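We have chain A already, so just place chain B on it with the hints.
Protein chains: 2
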Amino acid sequence: MKVVITGGAGFLGQKLAASLQEKGKLAGADGSLSPISEIICVDRAVPGEQRDGVTYVEADITSRGAFDAVVPEDTGSVFHLAAVVSAEAEADFDLGMRVNLDATRALLERCRTLERLPRLVFVSSVAAFGVAPSIVDDDTPVRPLNSYGVEKVVGEYLVGEYARRGFVDGRAVRLPTIVIRPGVPNKAASSFASSILREPLQGKTAVCPVSKDLAVWIKSPAAAVNDLIHAHDTPGEGWPDGLRALNLPGLTVTVSEMVAALGRAGGDKGLISWEPDPGIEAIVGSWPQGMVTERADALGFRADENVDAIVRQFLVDELGRSA
Amino acid sequence: MKVVITGGAGFLGQKLAASLQEKGKLAGADGSLSPISEIICVDRAVPGEQRDGVTYVEADITSRGAFDAVVPEDTGSVFHLAAVVSAEAEADFDLGMRVNLDATRALLERCRTLERLPRLVFVSSVAAFGVAPSIVDDDTPVRPLNSYGVEKVVGEYLVGEYARRGFVDGRAVRLPTIVIRPGVPNKAASSFASSILREPLQGKTAVCPVSKDLAVWIKSPAAAVNDLIHAHDTPGEGWPDGLRALNLPGLTVTVSEMVAALGRAGGDKGLISWEPDPGIEAIVGSWPQGMVTERADALGFRADENVDAIVRQFLVDELGRSA
Numbered sequence: 001m002k003v004v005i006t007g008g009a010g011f012l013g014q015k016l017a018a019s020l021q022e023k024g025k026l027a028g029a030d031g032s033l034s035p036i037s038e039i040i041c042v043d044r045a046v047p048g049e050q051r052d053g054v055t056y057v058e059a060d061i062t063s064r065g066a067f068d069a070v071v072p073e074d075t076g077s078v079f080h081l082a083a084v085v086s087a088e089a090e091a092d093f094d095l096g097m098r099v100n101l102d103a104t105r106a107l108l109e110r111c112r113t114l115e116r117l118p119r120l121v122f123v124s125s126v127a128a129f130g131v132a133p134s135i136v137d138d139d140t141p142v143r144p145l146n147s148y149g150v151e152k153v154v155g156e157y158l159v160g161e162y163a164r165r166g167f168v169d170g171r172a173v174r175l176p177t178i179v180i181r182p183g184v185p186n187k188a189a190s191s192f193a194s195s196i197l198r199e200p201l202q203g204k205t206a207v208c209p210v211s212k213d214l215a216v217w218i219k220s221p222a223a224a225v226n227d228l229i230h231a232h233d234t235p236g237e238g239w240p241d242g243l244r245a246l247n248l249p250g251l252t253v254t255v256s257e258m259v260a261a262l263g264r265a266g267g268d269k270g271l272i273s274w275e276p277d278p279g280i281e282a283i284v285g286s287w288p289q290g291m292v293t294e295r296a297d298a299l300g301f302r303a304d305e306n307v308d309a310i311v312r313q314f315l316v317d318e319l320g321r322s323a
Numbered sequence: 001m002k003v004v005i006t007g008g009a010g011f012l013g014q015k016l017a018a019s020l021q022e023k024g025k026l027a028g029a030d031g032s033l034s035p036i037s038e039i040i041c042v043d044r045a046v047p048g049e050q051r052d053g054v055t056y057v058e059a060d061i062t063s064r065g066a067f068d069a070v071v072p073e074d075t076g077s078v079f080h081l082a083a084v085v086s087a088e089a090e091a092d093f094d095l096g097m098r099v100n101l102d103a104t105r106a107l108l109e110r111c112r113t114l115e116r117l118p119r120l121v122f123v124s125s126v127a128a129f130g131v132a133p134s135i136v137d138d139d140t141p142v143r144p145l146n147s148y149g150v151e152k153v154v155g156e157y158l159v160g161e162y163a164r165r166g167f168v169d170g171r172a173v174r175l176p177t178i179v180i181r182p183g184v185p186n187k188a189a190s191s192f193a194s195s196i197l198r199e200p201l202q203g204k205t206a207v208c209p210v211s212k213d214l215a216v217w218i219k220s221p222a223a224a225v226n227d228l229i230h231a232h233d234t235p236g237e238g239w240p241d242g243l244r245a246l247n248l249p250g251l252t253v254t255v256s257e258m259v260a261a262l263g264r265a266g267g268d269k270g271l272i273s274w275e276p277d278p279g280i281e282a283i284v285g286s287w288p289q290g291m292v293t294e295r296a297d298a299l300g301f302r303a304d305e306n307v308d309a310i311v312r313q314f315l316v317d318e319l320g321r322s323a
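In the order they appear, the protein sequences are chains A and B.
The numbering of the first sequence is the working numbering, which starts it at 1 and goes up by one.
The numbering of the second sequence is the working numbering, which starts it at 1 and goes up by one.
Be careful, since some hints might not be right.
Unchecked claim - Derived list of chain A stretches under chain B, where covered just means 3 residues or more per stretch with a C-beta under 8 Å from a C-beta of chain B:
# : segment
1 : 134 to 141
2 : 145 to 152
3 : 155 to 166
4 : 236 to 250
These are calculated hints, taken from the structure and not from any lab test.
Just so we're clear, the structure is a prediction, and the values are computed from it rather than from any experiment.
Backbone N, C-alpha and C define an ideal beta-carbon position, used for all residues, glycine too.
Here chain A stands alone, though its shape is the one from the complex (with noise of 0.2 Å):
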């Protein structure tokens, strides 16, 4: 079974490759468990660090008809990973739009054409929820306040459309926001998440553009390649109706616990600048700093154990120190 992953030179996407060679199956459109024949990452650009038996292909994934191209007829899964990130997205409207909008409903009209009925996985997130209480659950209505969530949103319900008129297996999953991300900052409005960590842990700077008690609905990367795995294999009679998409299980944190958990491990607090920037406080003041996720507990989601243990991976997986 070949297996499409859109983003698929982005950190997730490489570790979601990683795990899915590992793996080395998936559920089929049956429902059981298929051998992976390939797996194809497509993005703007192949990384510089290239895996071994995964392909990889470029792709515009904006111009017409570029999902003909790079994924193949026989394709039985996909994780729709790509997309423009928040803080860019607010930047710029007809990219994010055209990315994040248009590029979905063109890779969702391919899936419909496939030889048999593929399963997809959208990736959206937290920040589909913009207008709502602090700690939103299943049922909580989505009234996204920025355009990456406006995007996601419609991505949603999109995917559950095409889903509903049996044109693709598709489920959504609404991420927390992935920390610890490795490399360097990035234009997602909560890349100071991760940075405020990852920086310190190698000592160097990294500046916060919010205040110490912001909290955020956080996942590790491990964790998250999880999810979008279960998310994948779970039967689809478990999601929801009317709109498939399900809030993920996570971790409420705020920067100041971040910081001390930082300071647990051993890095310079120091290190951090505090720099507050209003526009990245009110698009992450916006999102929940919690949620609760009866749905996808039930359907066997889970969130990560602490952020010390979210630091610890980040120590052993990038920085290479033992377990």
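Below, chain B without anything else, positioned relative to chain A:
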């Protein structure tokens, strides 16, 4: 000030045009009432009966650039009524997506380029709700179960986002089922709700495809037109952020109650042929039977008095009976 009505050749568009002519004014960008200089009704075909003083323009709004031609640079107000109705959108997925979703987006993009910020009223529907309690409120999550509903919900989010961005002063209203529509049965799944009154009141037979105890949430054409104009003129500050859509007040009536009102108005109940259609019952049965509309009530939207008043309105306005 120029006003564009899409779907302007339809019965609601024509009634709206008539009401705007009578009123002569609409709120401008600054909120104060401005004289209407031209009413432009855009539709697939020019209507057989044209109103004096109204401009009719034939256009395929799904063709590229269609709105550049039919929405003048100096347009101040847009009422977006054009849509592929529920049963038709269910029968022809691609047509529904092109008209209900793509054309809505194209219209929003056109609004973005106009000389000044236009007000736009987007007509959404009770069909936005699918998986929902039988009585919904302002905070009931929107989980549509038909293509029309999904396309309307996506339109609501886009209107809200274009409004948040300052591209258009957009407002979306979820209209109840309009009863009594003049004319003949159409492809709306709710078409029967008008038909079982309209046809017998004129001595003709009607088909009812649903059970007598099915309840629907209804509003008269005159009250709906009032709502559309009120939605336009109300200051934007009162509208909810994150999803700029309001449930509108209406009346909950069962099919039996409509038939009883038919009898009280002197119509022959024996002209109704009961022919159950599970497909129609499934679509309409997934819609709410009532709404608690606190936000719309607070903004001054109003329901009809009762079903007898709705029947009387039809007799006077459409059949020329004395009031």
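Against the structure, the hints:
no. : hint       : in the structure
1   : 134 to 141 : holds (count 3)
2   : 145 to 152 : holds (count 3)
3   : 155 to 166 : holds (count 6)
4   : 236 to 250 : holds (count 4)
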